[in-house]
Amino acid sequence: MAKKRAVNVVYHLFVIAFGLLMIYPVLWMILSSFKMKSEILGNNVPFLPTKWVFQNYPDGWRGSGSLTFGTYFKNSIVVSVLGTLGTVISSAMVAYALARVNFKGRKLWFTAMIMTMLLPGQVLMIPQYIIWNRLGFVGTFVPLILPKYLGWPFFIYMMMQFIRGLPKELDEAAMIDGCNKYSIFLRIILPLLGPSIITTIVISFYWIWDDYMGPLLYLSKPALYTVSLAIKGFADTQGTNFGPMFAMSSLSLIPVFLLFLFFNRYLMDGVTAGAVKG
Amino acid sequence: MEASRKTRSAQASNGFFNNDNVVGYIFAAPFIISFLCLTMIPMGLSLYYSFCNYKIGALPDFIGVQNYLNLMKDATFVHSLLVTIQYVVIGVPLKLVFALFIAMLLTKPTKAQGFYRAVYYIPSLIGGSVAVALVWKQLFGSRGPIVSIIKTLGVKGFNFFGSTTWAFLPLVLCNAWQFGSSMLIFASGLKQIPKDYYEAAEIDGAGVVRRFFSITLPILSPIILFNLIMQLISGFMTFTQAQIITDGGPNYATNYIALNIFKEGFAFQHMGYACAQSWVMLLIMAAVTGIIFKTSSYWTFYEN
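Note that the protein sequences, when read in sequence, are chains A and F. The numbering of the first sequence is the working numbering, which starts it at 1 and goes up by one. The numbering of the second sequence is the working numbering, which starts it at 1001 and goes up by one.
It is possible that some hints are incorrect.
[Unchecked claim] Covered, in the sense of this in silico footprint (three residues per stretch, anywhere, with C-beta under 8 angstroms from a C-beta of chain A), are these stretches of chain F:
id: 1; stretch: 1080-1088
id: 2; stretch: 1103-1112
id: 3; stretch: 1117-1127
id: 4; stretch: 1139-1148
id: 5; stretch: 1202-1216
id: 6; stretch: 1230-1241
id: 7; stretch: 1245-1255
[To be verified] Keeping only pairs whose Cα atoms sit at most 25 angstroms apart, straight-line, the calculated DSS-like set for lysine-lysine is:
id: 8; chain 1: F; residue 1: Lys-1195; chain 2: A; residue 2: Lys-107
id: 9; chain 1: A; residue 1: Lys-221; chain 2: F; residue 2: Lys-1055
id: 10; chain 1: F; residue 1: Lys-1111; chain 2: A; residue 2: Lys-4
id: 11; chain 1: F; residue 1: Lys-1156; chain 2: A; residue 2: Lys-3
id: 12; chain 1: F; residue 1: Lys-1294; chain 2: A; residue 2: Lys-4
id: 13; chain 1: F; residue 1: Lys-1137; chain 2: A; residue 2: Lys-4
id: 14; chain 1: F; residue 1: Lys-1195; chain 2: A; residue 2: Lys-4
id: 15; chain 1: A; residue 1: Lys-37; chain 2: A; residue 2: Lys-104
id: 16; chain 1: F; residue 1: Lys-1195; chain 2: A; residue 2: Lys-37
id: 17; chain 1: F; residue 1: Lys-1151; chain 2: F; residue 2: Lys-1137
Simulated from the structure, these hints should not be mistaken for lab results. Quick caveat, the model's predicted, so the values are computed rather than measured. Idealized CB from N, CA, C, for every residue including glycine.
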């Protein structure tokens, strides 16, 4: 019994110590955002700030140009909220079609969806840019938001797995009661899809929020910069102003952390959904 | 049965808009539009431009296979392929081993298990962000804490980002650090291994190592395959971290292929040439993935 207890203590100590090591970079960033410049980098700098400095936050918020981070956060919120909304609506529709409607060509479109899921976006970055440029949308939010309204294969697949788990008898019973395929989707599938929808909201929001390549390609005017692009710009123009830079970096992670805090169970389910059930 | 199904569908599906084919295409329309307009047309364009001299604003000028011939002689491109392969060959196995180790560490059923998993997932949650890339740049920078530790060990004048040999390491570590989703996938796989397999092996005298190699690994092999493919694809196309942390340097040591394509296309405006690079990369990835799938029957093990 005593031996088992000792093993337990050692186990927990190890997991905690290793966990601290894993989140050390995050702690270092947050602590650095409260430090004087002289304590952030160099030899023998303290782990904790000797004097907590809060000035880095207002200094960083002012940004490097004429715009403040208020603008950039507003842009990020617009892009992420509209993008997430589109992802949920369009992915649920497509998932319903592929999982529950027997239409000609369903197998073909399913295969196309899986292929798209495996195709890395970077391969398409140049031709997609050329198309958006032709349409005159480069320099607007359109290339960042509109594609999200056209289904996102990762989430389509995840929702399909979920819909396949719902009993078919529900659809059949609804049909007998006079529902058509549209009302089955709205009244039966969509409400039952709840957990899967929350997972989609959480993951797609943080993917869009963190996205760097999209904004880098399509946004050229600082007035439209998202937070990720603005922080990079700040680092480029005020390279040694580390306190304010880490202050804005820390702020930029808050929305993602909040979502994780409230919905971490859904997020974890979503990550494993494709691999294990499929 | 057949008759009742017919009456049922007759009741519900009268009219054009209730035909299953129409319903299916209406609901699948968003994906079909995006597949055609944002995947197939761009791929077709990209293939065409890869045989052209092309920059935005000018007309594409067809030059046949010249771009592909130039690629083979382009030292920067060949070098970027090689460093990408180095990144993948070192980075992906490291990440998977790490993910499996943590997953096994956290299978022990304790009250804190959920909390531990959440904490260990944090790096994956934020790892792809610009914020973390900027942190990484300073953390491993010449005046950062990691180099400070290396200095106290007696190595003088060491600098990751000034060394063509070592600059890749912080990038590989940043990728391996985001082991969270692979870890969760491994963890759910581990949960499905029946306990009595281990008990029986223990009675037969199999030690911890033997049990790991004879039970855990074979049963997990399909999941290892899944994680391997997913990580290979994202590894081949690594972009954000390399662009922010090293910008391909020093002396092209971390000039990974996605970064090279980006620079070729947007900084130098060689769009046709960049498209040719994308196609070579895609073919290499498809070949590697294909080979892994084909050979997987030799090393993956399915129950039933």
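Results for each hint:
A count of 0 residues in the stretch 1080-1088 of chain F with a Cβ less than 8 angstroms from any Cβ of chain A is obtained; the coverage claim is therefore unmet, three being the minimum. Residues of the stretch 1103-1112 of chain F with a Cβ under 8 angstroms from some Cβ of chain A number 5, which satisfies the need for three, so the listed coverage holds. Counting residues of the stretch 1117-1127 of chain F whose CB lies closer than 8 angstroms to any CB of chain A gives 9, which reaches the minimum of 3, so the coverage claim holds. Taking a C-beta to C-beta cut-off of 8 angstroms, the stretch 1139-1148 of chain F contributes 6 residues in contact with chain A, enough for the three needed, and the coverage statement holds.
Chain A is given as covering the stretch 1202-1216 of chain F, and this is violated because 0 residues of the stretch bring a CB closer than 8 angstroms to a CB of that chain, at least three being needed. Residues of the stretch 1230-1241 of chain F lying with their CB closer than 8 angstroms to a CB of chain A number 6, which satisfies the three-residue condition for coverage. Counting residues of the stretch 1245-1255 of chain F whose C-beta sits closer than 8 angstroms to any C-beta of chain A gives 0, which falls short of three, so the coverage hint is violated. Among the hinted pairs, F/Lys-1195 with A/Lys-107 is inconsistent with the structure: their alpha-carbon atoms are about 38 angstroms apart, more than 25 angstroms.
Restraint check for A/Lys-221 and F/Lys-1055: the C-alpha separation of about 22 angstroms stays at or below 25 angstroms, so the hint holds. Taken as a hint, the F/Lys-1111 and A/Lys-4 pair is honoured in the structure, with Cα atoms around 16 angstroms apart against an allowance of 25 angstroms. At most 25 angstroms may separate the alpha-carbon atoms for a hinted pair to count; F/Lys-1156 and A/Lys-3 exceed this at roughly 45 angstroms. As the CA atoms of F/Lys-1294 and A/Lys-4 are separated by approximately 46 angstroms, the hinted pair breaks the 25 angstroms bound.
Proximity of F/Lys-1137 to A/Lys-4 is assessed by CA-CA distance (about 43 angstroms); at most 25 angstroms being required, the pair is judged violated. Simply put, F/Lys-1195 and A/Lys-4 have alpha-carbon atoms about 19 angstroms apart, close enough for the 25 angstroms limit, and the pair holds. Distance hint between A/Lys-37 and A/Lys-104 is unfulfilled; the C-alpha atoms sit about 64 angstroms from each other, more than 25 angstroms. In summary, the hint linking F/Lys-1195 to A/Lys-37 is not supported, as the alpha carbons are separated by about 54 angstroms, beyond the 25 angstroms threshold.
With a CA separation close to 18 angstroms, the supplied pair F/Lys-1151 and F/Lys-1137 stays within the 25 angstroms bound.
Consistency note: the structure conflicts with the earlier hints numbered 1, 5, 7, 8, 11, 12, 13, 15 and 16.
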